[in-house]
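Number of protein chains: 2
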Amino acid sequence: MEAELSPSVLGITMPENLAVGLMIAEHRARCASRGCDFEYAAFALGQSPFPVPDVVAAALREAASHGEYVPTLGIRPLLEQLPGFWARHFGMQRTADDFVVVPGAKAGIHLLLSMLRGPLLIPTPAWVGYGPLATLVGKAVERLPTDQAVGYKLDPERLESHLRAASPGQRLLILNSPNNPTGAVYTREELAAIAAVCRRNGVLVISDEIYALSTYDPTQFVSMAAVYPEGTFVVSGLSKFAAAGGYRLGLVVLPSECSADHRQIFQKVGAATYSNVTTLVQFAAIPAFADSPVMVEYLADTRSLHALMARELQRRLRAVPGARICTPDGGFYFMLDLNDVAPRAAARGLESSGEVAAALLGHPIHVALLAGEATELPAEDLSFRVAFVDYDGAAAMRRYRAERPAGPVAEAQFVEAAAPRMTEGVERLSRWIEAL
Amino acid sequence: MEAELSPSVLGITMPENLAVGLMIAEHRARCASRGCDFEYAAFALGQSPFPVPDVVAAALREAASHGEYVPTLGIRPLLEQLPGFWARHFGMQRTADDFVVVPGAKAGIHLLLSMLRGPLLIPTPAWVGYGPLATLVGKAVERLPTDQAVGYKLDPERLESHLRAASPGQRLLILNSPNNPTGAVYTREELAAIAAVCRRNGVLVISDEIYALSTYDPTQFVSMAAVYPEGTFVVSGLSKFAAAGGYRLGLVVLPSECSADHRQIFQKVGAATYSNVTTLVQFAAIPAFADSPVMVEYLADTRSLHALMARELQRRLRAVPGARICTPDGGFYFMLDLNDVAPRAAARGLESSGEVAAALLGHPIHVALLAGEATELPAEDLSFRVAFVDYDGAAAMRRYRAERPAGPVAEAQFVEAAAPRMTEGVERLSRWIEAL
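Just so you know, the protein sequences line up as chains A and B, in that order. As numbered in the numbering used here, residues 302 to 737 make up the first sequence, in order. As numbered in the numbering used here, residues 302 to 737 make up the second sequence, in order.
Accuracy of the hints is not assured; some may be wrong.
Because identical chains cannot be distinguished in the list, a pair is counted as satisfied if it fits within a single copy or across any two copies.
[Unchecked claim] SDA-like cross-link-like pairs, simulated, lysine to any residue; straight-line CA separation at most 20 Å:
1. Lys454 to Tyr517
2. Lys454 to Glu491
3. Lys440 to Arg418
4. Lys454 to Asp682
FYI, nobody ran anything at the bench for these hints, they're computed from the structure.
If we strip away everything but chain A, and leave its shape as in the complex, we get:
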């Protein structure tokens, strides 16, 4: 019996980074038992390499017997940790009732797209997940290309002219800072300019700030909600800063006005679809948001290590003729632009970023990058996302706490020792580009 499927699911594609990431994880699991004749350099999947903070894992063990249902919006002791965390890290004054606990940041965006009327504006390049979520909820998408020359940041004038030409009515804009895939971090002035356009045109913002705590200079991060409090839904969560993607705990910070109304809608939709976020994970999350020296140290060290890896891998790639690189200010990613070698790639039959990524993934290179086309760039734009998290984070953190490399030579040695798959991957990638 052949089941007929809903039109909305037929349009969804499997995110390439997940598919490649899991293929590599399976390859490594097999190799662990039988041995393998090659190793992937995995620059595709953006997962924190660090261990879950000890205080979080300990709280989880203590909460193991919590099998009960709890309020859909989140347990009170967790909600009460959040205003302090937001105040300390982002200088924002909010109350516990401005927050909603959701089953992951992705689920938070899904809920918002289900709740809020109007088409979704997506600046591109973009995270692989926004498009499929919009498709699934039947939402129209309007894409706003950004320029590499300005660090792939959304130009408020382009936004304004797009809105002038568009049909009237409420729209949603998804902003992402620090950005995946580009590593861009918006300044307060840039956000204020975008906010002004949004305010004039009835655009609500879904601000995906999941990478906020990985901004290399923490004073540089500004939340969209700081400049557009009345029209911004912030999405955040545990996954990146506490290395807990598999825990599935996200947060939504509601706009300063009408937050009681919005809470009620989250409660109804959440109760109808997921009941509550895994109870024991909510208890485990409390110390992640608490003001403790161990979390302060964990956040500082993980942030420094991300910055160090970015710096060193970029230094190595910059030496390759034909490779252009966009410097990140936060997150786990930067963009590698190979358009200068496009004619040489075309001569070998590689005419799209997807074809180049496939060639790099295969024998004998085995380097996994995310093709620009998966980030909604045109297929013929030979740009790629490099995720620099393929190393043993626990070992790297121990090593870093013991030595803290200062200066380029020490950093090169550190990364060579702590992240050999990545340095070897950059090596292979460089040779491949040079040999094109």
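With chain A fixed as given, assemble chain B onto it according to the hints.
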């Protein structure tokens, strides 16, 4: 700034059982610290009262550091436990690839309703959650009333005549056995007759079997997939049999044909919306499905206790003139029919099940029942769902293992001692009915 909302969320209501259940939980939490001058008898929320099995909580503690992402369809060691579990308990031969791990049974139904084309047929009375999920995904609903006289079971002839009169095309039927709210368990013959109608008319079945392991006589439970393997999606999970509603781990068993195609759709939709079910919860679930003496004993004892509570509370309510009661064969619920006292209720201004439930909840009765109208019965039908799980399950299990009451007198004493809030609640309810 007032956000405009999507039409699909505007139609959703907060499930009354959750709202009342959480109100009571908050009341009790407050009382624990300050004392209270009354106690609710909570027959509204259907949550297992037992502790999570020790082997599950222990596995969870061991898995605490698993912060990583895992495959959307479920981790392999969990999937590989499932065919054996299904064979032992339900006599069904399936492979690991026939199963999908989802974030709760409710989320499994949500995913299926998103994936599968066609209107949803809901036999009524029905679980409070089906209607809101259909509304949320924009699915049309066709309701099929059932008769109390035949234990509220779907009549295959009524189904057939409904389908004959309906527009052509694929439909989905949600079946629920053991049933919430009625406690009805379908026999093999009854399921086969429904399957024959479905097969002839292109109806796919979503079989909600979340209460399967609470069937009082375990040989009586039959899965719809046993008689309609090619057209049934079974929904199940940890919440009821392992007392782990808050863990949020559900399962879908795919139809025997095309299960690879359906897996691919689950993978795409799951990857787009929730990434994976909480990783450490998946590891914790492995021993829940393993073949171990401790789980066999846990399942037998929890099943016996549910049956015992049902028996004893029914015995007490049957003594009340005007109260009719439908005997459950599984699950945590039975229906209480007060239509015989409707004229007396109407004389006090109570003309719907919702009004009666509100009167019972308030001062001085404080008895929480779920009104029949929340289960999609007509408002004027004075029927109510009684959930009989408001007791300390850990203490009751210890007591039960020590004494195992035999015969009505011992059972009455056992329930009086183990579940005083429930016996007191039945007392109050009886007095209220008699005094109407």
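Exercise. Looking back at the hints listed earlier, which ones does the structure fail to meet?
Worked result: The structure conflicts with no hint, since it agrees with every one listed earlier.
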